[in-house]
Structures are given as C-alpha cells and as structure tokens.
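Participant: From first to last, the protein sequence lines are chains A and B.
Going left to right, the first sequence walks through residues 1080 to 1294 as my numbering numbers them.
Going left to right, the second sequence walks through residues 407 to 770 as my numbering numbers them.
For the record, the hints were derived by calculation from the structure and aren't laboratory data.
Some hints could be false.
Here are the simulated distance ranges between beta carbons [unchecked claim]:
1) Arg1185(A) with Arg586(B): 36 to 42 angstroms
2) Lys507(B) with Gln1285(A): 37 to 43 angstroms
3) Asn475(B) with Ser1214(A): 28 to 34 angstroms
4) Gly1160(A) with Asn512(B): 27 to 33 angstroms
No more than 25 angstroms apart at the CA atoms, straight line, and that leaves these computed lysine-lysine pairs for BS3-like [unchecked claim]:
5) Lys1274(A) with Lys1086(A)
6) Lys507(B) with Lys1229(A)
7) Lys571(B) with Lys1152(A)
One-sided excerpt, in silico: chain B residues whose CB lies under 7 angstroms from chain A [what the hints assert, rightly or not]:
8) Pro511
9) Ala534
10) Ala538
11) Arg551
12) Val555
13) Ala557
14) Met632
15) Thr633
16) Asn634
17) Asn760
Glycine included, every Cβ here is placed at the ideal spot set by N, Cα and C.
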Amino acid sequence: MRKVALKISNAAKIFTETKIENLEEKRLVPNMMMRRRLTRNAKVMLYLSDKCSFKSGKIVYGSCFSELEETAKIANAVLEGGLLSPTSFQNSVYNTAPSYFSLINRDKDEIITISSGMKTSRETIKTAALQALVSGEKVLCVCVECINIKNIEEINKCAKYLEAGAAFVLETTEDFSGAKEIEDKREKGMMDSLKEIMSVVDMFEQADDKILVEL
Amino acid sequence: MKSYINNYELLCDAGDTKSLMEAIYAKKSAITVSEDYIKDQKAGLGIMQYDNIYDSLKDVTGKVLKQSNLENFHDTLLILGSSVGGMQECEEIFYAEKSYKNLDPNRYSMNALTDYMEKEFGFYDSRAISTACTSSANAFLLAKRLIEVDAYENILVVGADGLCKSTVMGFYALGVLSDRACTPFDKNRNGMNVSEAVSVILVQNSKNNQSIEIKGVGASSDAYHMTNTDPEAGGAISSMENAINDARLELDKIDYINAHGTATIANDRVESLAIEKLFGKSVCVSSTKAITGHTLGAAGAVEAIISCEVIKHSLIPPQTGLKELENQNIKVPTQSIEMKIKNVLSNSFAFGGNNTSILLGVCK
Chain A
1080 MRKVALKISN AAKIFTETKI ENLEEKRLVP NMMMRRRLTR NAKVMLYLSD
1130 KCSFKSGKIV YGSCFSELEE TAKIANAVLE GGLLSPTSFQ NSVYNTAPSY
1180 FSLINRDKDE IITISSGMKT SRETIKTAAL QALVSGEKVL CVCVECINIK
1230 NIEEINKCAK YLEAGAAFVL ETTEDFSGAK EIEDKREKGM MDSLKEIMSV
1280 VDMFEQADDK ILVEL
Chain B
407 MKSYINNYEL LCDAGDTKSL MEAIYAKKSA ITVSEDYIKD QKAGLGIMQY
457 DNIYDSLKDV TGKVLKQSNL ENFHDTLLIL GSSVGGMQEC EEIFYAEKSY
507 KNLDPNRYSM NALTDYMEKE FGFYDSRAIS TACTSSANAF LLAKRLIEVD
557 AYENILVVGA DGLCKSTVMG FYALGVLSDR ACTPFDKNRN GMNVSEAVSV
607 ILVQNSKNNQ SIEIKGVGAS SDAYHMTNTD PEAGGAISSM ENAINDARLE
657 LDKIDYINAH GTATIANDRV ESLAIEKLFG KSVCVSSTKA ITGHTLGAAG
707 AVEAIISCEV IKHSLIPPQT GLKELENQNI KVPTQSIEMK IKNVLSNSFA
757 FGGNNTSILL GVCK
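Okay, chain A solo, but in the shape it has when bound:
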C-alpha cells in the first residue's frame, strides 16, 4: 500500500452547536434565485472554499449524512401523502454541495463525493491525495455535516456540533521531510466523520503543513 506526502497551502474550519449564523451567502452568491436554492451543506462548503481561496479545479467532497434536511423534507412529504418538491429531490443527492460550487464558479473539473460513515473524512483525504497525485494539480478536500433538523435528538446521541465543516487545499510533494501522520486533534463533541479533516486543519494552524497519507 502506497503512502504520499501532501503539502497543504490553505485550510479552514467552522462549527457550531446549532446553526452557523454568518456564512456570507450574499457576498459569495449574489444571484438571489441561486442563493435561495442552496442547501445548508452547500452554504458551508462555499464558505470554506472561499476561506481557502479555491475557485476552480478538482474537488473531493465528503459527508456521511449529506443533505439530511432535504431528505427529511422528502420523507415527511411521502408520509403525508403530498407531492414532493422537485427542488428538494434534486437537492437531496450527496454531490449537491460541490455541484453548486461548480455551477457558481463555472468549474467544469472533476467532482468526487465520498460517504464512508464515521471514516468519511479519512477516505475523502485519501481520495483527494490520489486525485492530486494523478493530476499533478492542487485539489480541494472538503467535508461538511449539517444535521440540525427537527427531531434530530431522537437519533443523535453523541454529536454536540450539529453544523460543522473543514477544508484544505493540497498538492503532492516528492519531499517527505517533516511530513507527519494525521494526529487526532479534533474538538470533543465533533462527529467522527469529520475527525481526520478537522485534525489536519488544526495541524496546519499549528504550522504543520505537510502530512503523510496512505492512498
């Protein structure tokens, strides 16, 4: 199994217990019609990509639960025997957030979406590393979870932060010197699906900008 060294050039994270208040949607998406269609995951992803100054290129996006709010709307509409909203349905797929990024930034490059349960961010980082290695380009690696839906307490027993995300821009490097394995530095109460990516951002903030990843 092959390991690669990744050089990180930008990183950002955001999280809160309920709802993130200022995601700068009006600045990031001036078109009102487009802005109104955005899901919570899309808004968080757009915010994080902006903080990483990433405008175009390959994206690897990860989310365990993805568009939970849209899925809940659909499930409740089915239960009530009503018509489903076409917008909710199209917004319920797991690649919704990076697709809005692609639409807004006219980015025609490859998008891969990973959803690997509690190891989602680990697998997302590995996939981003592969994409960077194969293309020789800078890649955006981003993971988002927004699970603040009505009655979530019926099922959520461990996550304190119901909206959270992290992102970093990476490229591969031949120089392995100083590259570190990902350390577990995440905040207590953070969803396990975000564990590794939160840790990478924390490492970057502490001047560790080179990591080792097994593909």
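Following the hints, position chain B against chain A.
Facilitator: Then chain B, alone, in the frame of chain A:
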C-alpha cells in the same frame, strides 16, 4: 500499471449476467409496470427478485470471489458506488413508525452497505462514493487510478441501489418517470424507469485469458444546472474525450457506445448531440436501460459488465423499444450487429452535471 476486469456478476430486474445478456439480445425488456409506489399512477420500474439488498450483495460478491484467483478479500480494497445506501430499510422504518427513534444512523447512509460487506468478507479497507447516478462509474475511475499508481493489486468495484419510495416519487415529481418500459432515443419517448441492481466487479493489476482492460476513464462537470443537462453537450463531450485521451486512442478506434440513455427528453437529446459532434455515424450506440431501467448509482457498474459481455460476444446490442430515431445523425441499430469489438465507451451522467465515461477494451 494497467488495470483489468477479471471477474464479475450482477443481479438486476432481468436476473443475473447471463439472463440479462439474453434479454438484451432478445430485445425483451424486464421492466414491470407497477401501481404500488404512486397513488393512482402507473410507473415502469425495474424490480429485482430478492429479499433485501444486503443478502443480494453477499450472494453476488460470493459468486465473484469463487470465480476469482483470490482466496479472500483481505488484501482487496472495496469501492462501492450507491445513491441511496441503506435508505431503503430506513425509510420503511420511518414510514411505519413516523419517528426517527428506531433508526440506526449506521444503517442509513452509503456506509451501511460497505460496513456490511467489510463484516462479511473482511476487506483491507473500503470507500463509498455517492455522486448520484455516476456513483459506481466514479468507483471505476478511482479503481483505475489507484492501480495505475501501484497503490493496490486488487479492487472490488460494487454498484448497489435498491428501490426506494422516495426515489420513485422524486423522479415522478420531476416529471421524468415513464408509465411503461422506457424507449431510449425514440422520438416519442416519455421518460425513464427507476430500477435497482447489485453489480460486483473484480479489478486487478494482472490479467488472465478472460480479462477486459480498463483503458481509459474520464470525468467532467457541466457547471450548467442541477438537473438539466447542458444543451450544448459540453460536459458529455468532455467526459468522453477525457476517457479516450486517457486511453491514448483515436476516436475511430471506438466500436460501440453503451449510452447513459435514460430515455428522458433532456438526457437523450443532449447525449445524442454529444455523440453526433464527436463521432457522427461512425460508431454504434444503444442504451440497455430499455431492459434494465435506470439503476441509479449502480448503473455504471451494471453497464460496465454489459460492455465486457458485448466485447466477449462480438455482438453489438440492438436498441430495444426504438420505433423512430429522434437524432438521425447517430447510428442506433435496431438489430444486433455481429462484428469484432475492440473498444467500448460507457457513459454515466448525474444530477449536478456530474459526467463520467469509462473506456473498456480487449487486452493487447
């Protein structure tokens, strides 16, 4: 390092691989018209004969392992593509109990399927991809690249999606669901069929005398609309060109295109235009979704198996259900064509303008 498809099996509405290919060449659609999903409405659906998605995964994967040169999957990476994951089971519980209380979060998402597979077969590691209807096509894209950079010797690519009420009703809400067996590329087509399938493929870095090579993979984003395809077909053209360039082949080396061909008005019009712009009438095109329906996240893996079989049979599949071809500038045969087939391009397109093409061919 090159990557080879060495073993495969599937389960879909037409049955296993052998039954499916018989149905394709006999032009016998396996679509069922059902009134069980939408009140007072008929829907053409592709329904598998199975108890649950987990047992089907175990059964089909077991068959692939038995055919293979492996004793187990302990050194194999599992890459699974799905658009609904464990949703089928979870929505049934939710509709019955009207509450989330008895839902297991670990049985909801894509990892519900990979976790089950890891437990049953003990894979080295697993990764689940969910890019809607390109999910398992993108699993191929990653598998080829991982083998290319010498990261793995064995990768099991799986496409799996079960029918969900929310998916069927969602496509109905979008106005793209057909009430009969779909008719791709026909002038009078009236929409798609939502279907289910489990498709399992072993990709390795070594070949045998039955191997099919994954010669190229390509992907792109439309950056146009969340569900409508780019009317200029830019994204579809890019993904096909990227796969052909990855394989370092010329356009005239492609013998057959297994189209995405969902039979929606928008998809078939744009995909036809993309094929017309790139190939004109120089290549045979058909969509086997007339037999299988649209198996969503499993479609890329289902159609990769069909493409392998087409190469092995040296027989171009006819277009089932076609009466009047809408785009007369592409070549869609209504009868099987016997010929030496060296290279097949398989297209998958998804919500969000996510496009992936896979180029499979005979080994050199």
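Participant: Indicate, hint by hint, whether the structure satisfies it.
Facilitator: Against the structure, the hints:
1. Arg1185(A) with Arg586(B): 36 to 42 angstroms: For Arg1185(A) and Arg586(B) the Cβ distance comes to about 39 angstroms; the hint holds.
2. Lys507(B) with Gln1285(A): 37 to 43 angstroms: holds, 41 angstroms
3. Asn475(B) with Ser1214(A): 28 to 34 angstroms: Holds, at about 32 angstroms.
4. Gly1160(A) with Asn512(B): 27 to 33 angstroms: holds, 30 angstroms
5. Lys1274(A) with Lys1086(A): holds, 19 angstroms
6. Lys507(B) with Lys1229(A): holds, 13 angstroms
7. Lys571(B) with Lys1152(A): holds, 14 angstroms
8. Pro511: holds, 6 angstroms
9. Ala534: It holds, given that the least Cβ distance between Ala534(B) and chain A is near 5 angstroms, below 7 angstroms.
10. Ala538: Holds - the Cβ of Ala538(B) comes within 7 angstroms of chain A, reaching about 4 angstroms at its closest.
11. Arg551: holds, 5 angstroms
12. Val555: holds, 6 angstroms
13. Ala557: holds, 4 angstroms
14. Met632: holds, 5 angstroms
15. Thr633: Since chain A brings a Cβ to about 5 angstroms from Thr633(B), closer than 7 angstroms, the hint holds.
16. Asn634: Given a least distance of 10 angstroms, the restraint on Asn634(B) is violated.
17. Asn760: This hint holds: Asn760(B) lies near chain A, its Cβ roughly 6 angstroms from the closest one there, short of 7 angstroms.
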